[in-house]
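Put together the whole structure using the sequences plus the hints.
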Amino acid sequence: MSLRGAGYIVGAWEHPTRKATDKSVTLLHAECAKGALDDAGLTKDDVDGYYCAGDAPGLGPMSMIDYMGLKVRHMDSTDVGGSSYQVAVGHALEAIQAGRVNVALITLAGRPRSEGQATGTAPRAGSPAQPEMQFEYPYGPATANMYAMCAMRHMYEYGTTSEQLAWIKVAASHHAQYNPHAMLRDVVTVEDVVKSPMVASPLHRLDCCVISDGGGALIVTKPEIAKSLKRPLVKVIGVGEAPKNQMGGEVDLVYSAARWSGPPAWEMAGIKPSDIKYASIYDSFTITVLMQLEDLGFCEKGQGGKFVSDGNLISGVGKLPFNTDGGGLCSNHPANRGGITKIIEAVRQLRGEAHPAVQVPNCDLAIAHGTGGSLGTRHVGSTVILERE
Amino acid sequence: MAYVQRKIPFVGTPDTNPETKPFFDAAAQGKLLLPQCKATGKYIWYPRGISPFTLGPVEWKEVSGKGKIYTYSVMERANPPYCIAYVELAEGPKMMTNIIDIDFKDVKIGMDVTLKFIQCEGDGPAMPFFAPA
Chain E
1 MSLRGAGYIV
11 GAWEHPTRKA
21 TDKSVTLLHA
31 ECAKGALDDA
41 GLTKDDVDGY
51 YCAGDAPGLG
61 PMSMIDYMGL
71 KVRHMDSTDV
81 GGSSYQVAVG
91 HALEAIQAGR
101 VNVALITLAG
111 RPRSEGQATG
121 TAPRAGSPAQ
131 PEMQFEYPYG
141 PATANMYAMC
151 AMRHMYEYGT
161 TSEQLAWIKV
171 AASHHAQYNP
181 HAMLRDVVTV
191 EDVVKSPMVA
201 SPLHRLDCCV
211 ISDGGGALIV
221 TKPEIAKSLK
231 RPLVKVIGVG
241 EAPKNQMGGE
251 VDLVYSAARW
261 SGPPAWEMAG
271 IKPSDIKYAS
281 IYDSFTITVL
291 MQLEDLGFCE
301 KGQGGKFVSD
311 GNLISGVGKL
321 PFNTDGGGLC
331 SNHPANRGGI
341 TKIIEAVRQL
351 RGEAHPAVQV
361 PNCDLAIAHG
371 TGGSLGTRHV
381 GSTVILERE
Chain F
1 MAYVQRKIPF
11 VGTPDTNPET
21 KPFFDAAAQG
31 KLLLPQCKAT
41 GKYIWYPRGI
51 SPFTLGPVEW
61 KEVSGKGKIY
71 TYSVMERANP
81 PYCIAYVELA
91 EGPKMMTNII
101 DIDFKDVKIG
111 MDVTLKFIQC
121 EGDGPAMPFF
131 APA
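These protein sequence lines map, in sequence, to chains E and F.
For reference, each letter of the first sequence is one residue, going 1 to 389 in our numbering.
For reference, each letter of the second sequence is one residue, going 1 to 133 in our numbering.
Please keep in mind that the hints were generated in silico from the structure rather than gathered at the bench.
Among these hints, one or two may not hold up.
Reference excerpt, derived from the structure (chain E facing chain F, CB under 7 Å, subset only) [said to hold, decoys possible]:
1. T121
2. Y137
3. Y139
4. M149
5. G249
The beta carbon of each residue, even a glycine, is placed where N, CA and C say it ideally should be.
Structure (C-alpha cells):
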C-alpha cells in the first residue's frame, strides 16, 4: 500500500540559536521538541513515537526518551548523517500506516560551533573495526576534500565551472539577508565566492556551509489528527531513501544517491520535478546542491551548472526557488546535519509562513532532499515530497 | 604548490581485522596485494575478506601498481597541504590514495601514476601512495 498521504507534518520548529554556549545538546533537543509540539497544538503526552539519529546523546533513542519523559510505543534511530531526518519522516509514515504510531516526534540538535570542531577540514579517526577506516584515514579524508573530489570530476566530465557553483551560494545569500537568525546575512557575488580562499580545490571557503549550533524538530501525524488541528495541512506525498558508496571499487563520483531515492518518491507523489514550486536541497557544499538537482531530475545530468546560473535558484527571480532560509550555506547547519532544517523551510513555504520577501506565491508542492555522510565515499540520499492540501 | 611529505596517520594495527593482514604483509615487502572476487574476477577496493559482488570468496593477487588519476583535491587548508585522490588501477578498481612527489599545480585528471609505499607514523604499516609515472 502506498505511503502517499499516510501522514501530515503538523509541527515544525527551528531553534533560533546559532551559538549555544549555555545549553547542552540534550536541552537543545528538548527545546526543539517543545517548539514543534507548541507549533502543532499538541503536548508531549500526545507523542507515541520518537525518532532521532546520531546527534542525540546516549544509546539510540533511549537517553532522549528518558530525558524528555516520553512514553512511546515505536522508535527509530537510523543514523545516516544529515539526511537521517528525511529518512525518519518516511519511517514514521510506515509506522503510522501500520497503526503503530499516532503522533511521531523527530528531533535534531547539536553544538559543533561551541565545541570548536574543525568539522570540514580535519580528518576524523573512527574505530579501526569500521572496515574502510585503515584504508582511508591515512590519506586524510576530511569532509571538504571528499566533496571537492566530486566537484573536480564533475568539472572534468561536464565542464562545470567554479563560477557556476558560486551561483548557488549567491542565491542562498540573497535569501539569508531576510533571515534574522542566519549566520551570514551579507549578499555575496560570484566574484566574492571564487576569490574566497581555497579550502580543498576546487572548493573555496564560500562554497562550504557554515558550522553552527542549533536544532529543529518535526511532528508527523495521521490524517485524522492533522485535520483536527488548527494548522495548515502539509501532506507527505512522496518519500524515498537510498545509499550510495564505493561499490567495491567501481567508484563514480559524478552522481549522488538522489538518482535512486528520487524516483520512488516522484512515483509515489504522482508528480514530476517541473511541478515543484519550492525546493529545499541539502547544501553542505555548493557541489552537493548541483549534483542533487541533476539527480532529482530538475535538469539533465551534466547541465546543473547551467541550471543554477544567473539567479535561477533565487526566489522571485529564477525558476526554482531553493533554500529560502539561507540554507546551510548561510543560515545554519546544526550538529553538522542539515536535513531537518530543509524540511522545516519547505513546511514554512507550503504554509505561506516564509519571510514575505522570499515566500513563493501559491506554493502548493515542495521537495526537501537530504544527503548524509560523504558524497565522496558513502552517503545516503533521502527525498521527501510535500503538498499543501 | 610544492609537495612536502606529511606524517601519515594510522588507526589500529595490521591485524585488527585479521582477514586483511595479507594486504599489510605484502605492503611491507613493497607489493600491492588486492582481493579478487573468485566468481567475477573483479579486483576489490577497499580490501576485504569477502566479495561485495557475490558475498563469495576472494583470492589475494598482486597488482601492477600502475594507474591513472580519476579525481583529486588539494587540501590547501592543511599544513602541509596534501593531495587526496582516487586512482583508477590498470586492473580496474579505483582506490583512495594521495598523489606525492609532484608540484600540486601540475596534478591532472587522467595523469599516469605509479605506486610508491610510505610508512605510517609511529612504526605503522607501509601504505600505497602514487607518484607521477
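Okay, the hints, checked on the actual structure:
1. T121: At about 5 Å, which falls below the 7 Å cut-off, the nearest Cβ of chain F leaves the hint on T121 (chain E) intact, so it holds.
2. Y137: 6 Å, holds
3. Y139: With Cβ-Cβ at 5 Å, under 7 Å, it holds.
4. M149: 5 Å, holds
5. G249: 3 Å, holds
Figure legend: structure checked against the earlier numbered hints; every hint is met.
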